Structures are given as C-alpha cells and as structure tokens.
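So the protein sequences, as listed, match chains U and B.
So the first sequence is numbered by our numbering: it starts at 30 and just counts up by one.
So the second sequence is numbered by our numbering: it starts at 206 and just counts up by one.
Hints may be right or wrong, so weigh each one.
[Said to hold, decoys possible] Calculated cross-link-like contacts (lysine-lysine; reagent style DSBU-like; alpha-carbon spacing at most 30 angstroms):
hint, chain 1, residue 1, chain 2, residue 2
1, B, K392, B, K381
2, B, K284, B, K295
3, B, K252, U, K108
4, B, K259, U, K108
5, B, K429, B, K271
6, B, K271, B, K252
Honestly, the hints are just simulated from the structure, not real lab data.
These numbers come from a predicted model, not from an experiment.
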Amino acid sequence: MIWIPIVGLALGVFIGLVINFSIPIQYSSYLSIAILAALDTVFGGIRASLERHFDSKVFISGFFFNTLLAALLAFIGVKLGVDLYLAAVFAFGVRLFQNIATIRRLLMNRRQNSVK
Amino acid sequence: MPSARARSTVILTIISMVFGFMLAIQYRVTQQTSSSVEILSSNQNTKQTLEELKVIQDTNKQLETKLSELEQQIVQYEKQSGAMNENLRKELENARILAATVPVQGPGIQLTISDSDMNRVPNSGDPEKEIPRIIHDVDINRVVNELFLAGAEAVAVNGIRVATTRSIVCIGPVVKVNDQTTTVPVKIEAIGNPQQLITALTMRAGVLDYLRGPDRQLTVVPPKEVPLLKLPAYTGDFNRLSKNEDGG
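Make a model of the complete structure from these sequences and hints.
Structural data, given as structure tokens:
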C-alpha cells in the first residue's frame, strides 16, 4: 500500500503547480524551513515504520507541530535579529542525515537477512 | 489490524499531499526569484533597500510638488510685474506651452491605438509577415508628428505630456515617452483646433489609414472631439530637456 501516499505526493505537487497560488517572497524563507521540518518528519516516519514502532499519532502531530514550530522559530528569529533559522536548519539537517543513514542500514540488514 | 493500517495509509496520503503542495509552492516561489539567489541572507538587505527607495521616492514627490509650486509662483510674479510688455508675456506663455512646462487645457481630440486583433497575417505564406502586429514607437511618433504638423499646441500620450524635445521609444513591450514608461493601448490626446486635427488624421491615405492598413493592421479608435482637455505639464528632468535641445 506504499504507492497510495506516493500518488498523494504527486497529486499535491500537481495541485501546487497548477493552481495560481503563491506566497509573498518575504515569507518564502519560513516555508523553506517548514519544508525542511516536514522532510525530517517524513524520513523519521519511514525510519520508524522500518523499525516497526511507527505511531500515526506521533507522526501526524510531529509533522504539523515541527513544521509550524520551525516557521515560528524563523519568524521570531527575524523579529529579534537572531538567525534562529540556522538553528532549525542545523537541527533538522543533522536529524535528516541521521534518519537517512539509519534507514539505509536497516534496509541493508533486512536484505542480508532475506539473502540468508 | 486492517483498519489501523488503512487509517495510517490515509494519514500518510494526506500528509504527503500537504508536503507535495508545500514543495511545489516553494519551488515556484524560488523559480520566480531565481535572480535574487539567497533570499534568507539578503532579506534584510532587500528590506533596507526598499525602505531607502521609498524615502527617495517620497522626497522626489515632495520636490516635484515644490517645483510646480515654484513654477506657479514665477507665473504669478510675472503677472504682477506690470512693467512687462504684453507681447513679451504672450510670447513667453506660448513658449511655455510649446515647451510643455505648464499644464494646459482647452478643446482638442482624443484617439486610442492598440495592437492588432489579428496576431498574424492570414495565408500570407511569408514568415517575415507572420509577426504579431504590435504598436511601435514609429507609429506613435507618426501620429504625434501629424498632430503637431496640423497645429496641435499640446499632445499627451497616455497622460504623459510630450515635450518638444520629446522622445518616444520602444523598450521591449513598453513605450517610453520622455522618461516615463507606458503600455498599450496608447491614448493620444491633443489640444488644438479639433476639426483641423481630425481632418489631418483621417485624411485619405493619411496616418490613420496607414496604421489600419495592410502593413500595420493596428486597431485604431477614430479620433473624437473633446470640448475640454486637461493635459499635465512635462514631468521630468529639465536639465535633460535643455541639454537635448540640439538633438531634439
């Protein structure tokens, strides 16, 4: 059933490209941070499902909470003159790579097990 | 647990849709602002520059108002100075109107030219001719020249007064009159003897016939008489104006 979310992703991209909706340029930095947070949550979810302790509540709350928090953090940072978005980029970026590394290792382990 | 599995699939689908939507929006915004590469780091700079621009624009506006006030003052002083010869004053006034430095009003005509309805010449088979029929600077210049030749005292293109040392130039899709830019459709207003001006423009094989003709195929709203036209003064760089006198 993995293809249904992928179709959803494609549909979302399609809708975003087709409808004539765009945000003001000054808010695009917040959106980019939010996207980074969302990406992090998505990979976290994939990892959790591979480790077989995926919890949809944790996942869905994490997705929206992280996204909004990252955007809020960047917003506050701009208001205070502190580059807080760097903190978000750093935190999410590190976690993103860790998650991907874990996913890779898990997949390799699984393949080895199936070969054996 | 098939129901829990179905639920998580639905949730995943919704989330990936939201995620895809965000990605697409961000992609589009980034494409739009590809010239300003680093939005995050240049955000502060951009804001600052915008503020500076606004201040300069405000100052510019104030100075322009002041300029027009001073111009009016000069006119008043001239009126007050009784020593001035009546003929001289009249001559000065005429020169002012001709130089487009004062706003004028009076009877005149108005016409509008826009790009051709037809994008291409049908069945011509000649690729050279199959170009979009759009207004060029020459077209506007033709009409303006014709108007001045026919005795127009003042001409404005889309509300921009055409100075005697004018320049009407095409820059890509816009037309630059003096130093201001404007776009199609082009509304041309002229003060002068309405009958005379209309006759000059609509004469057979005249300028409007040419614009409508097979060579240009532009859409021309025929000139109509306007009992009272108000045209603004030339708003631009007066130094440029005086320096350009030889070339103009």
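**Message:** Hinted pair, alpha-carbon criterion (30 angstroms max): K392(B), K381(B). Please report holds or violated.
**Reply:** Measuring from Cα to Cα gives roughly 14 angstroms; hence the hint holds.
**Message:** With the threshold set at 30 angstroms, check whether the alpha-carbon distance from K271(B) to K252(B) stays at or below it.
**Reply:** holds (29 angstroms)
**Prompt:** Does the alpha-carbon distance linking K284(B) and K295(B) stay inside the 30 angstroms limit?
**Reply:** Satisfied, since the Cα-Cα distance of roughly 11 angstroms is no more than 30 angstroms.
**Request:** Verify the proposed pairing of K259(B) with K108(U), using a straight-line Cα cut of 30 angstroms.
**Result:** Roughly 21 angstroms separates the two Cα atoms, so the pair holds.
**Request:** For the pair we were handed, K429(B) and K271(B), check the Cα-Cα distance against 30 angstroms.
**Result:** Given that 30 angstroms is the threshold and the Cα spacing comes to 35 angstroms, the pair is violated.
**Message:** Check the hint pairing K252(B) with K108(U) against an upper bound of 30 angstroms on the C-alpha distance.
**Reply:** holds (13 angstroms)
When held up to the earlier numbered hints, the structure conflicts with hint 5 and nothing else.
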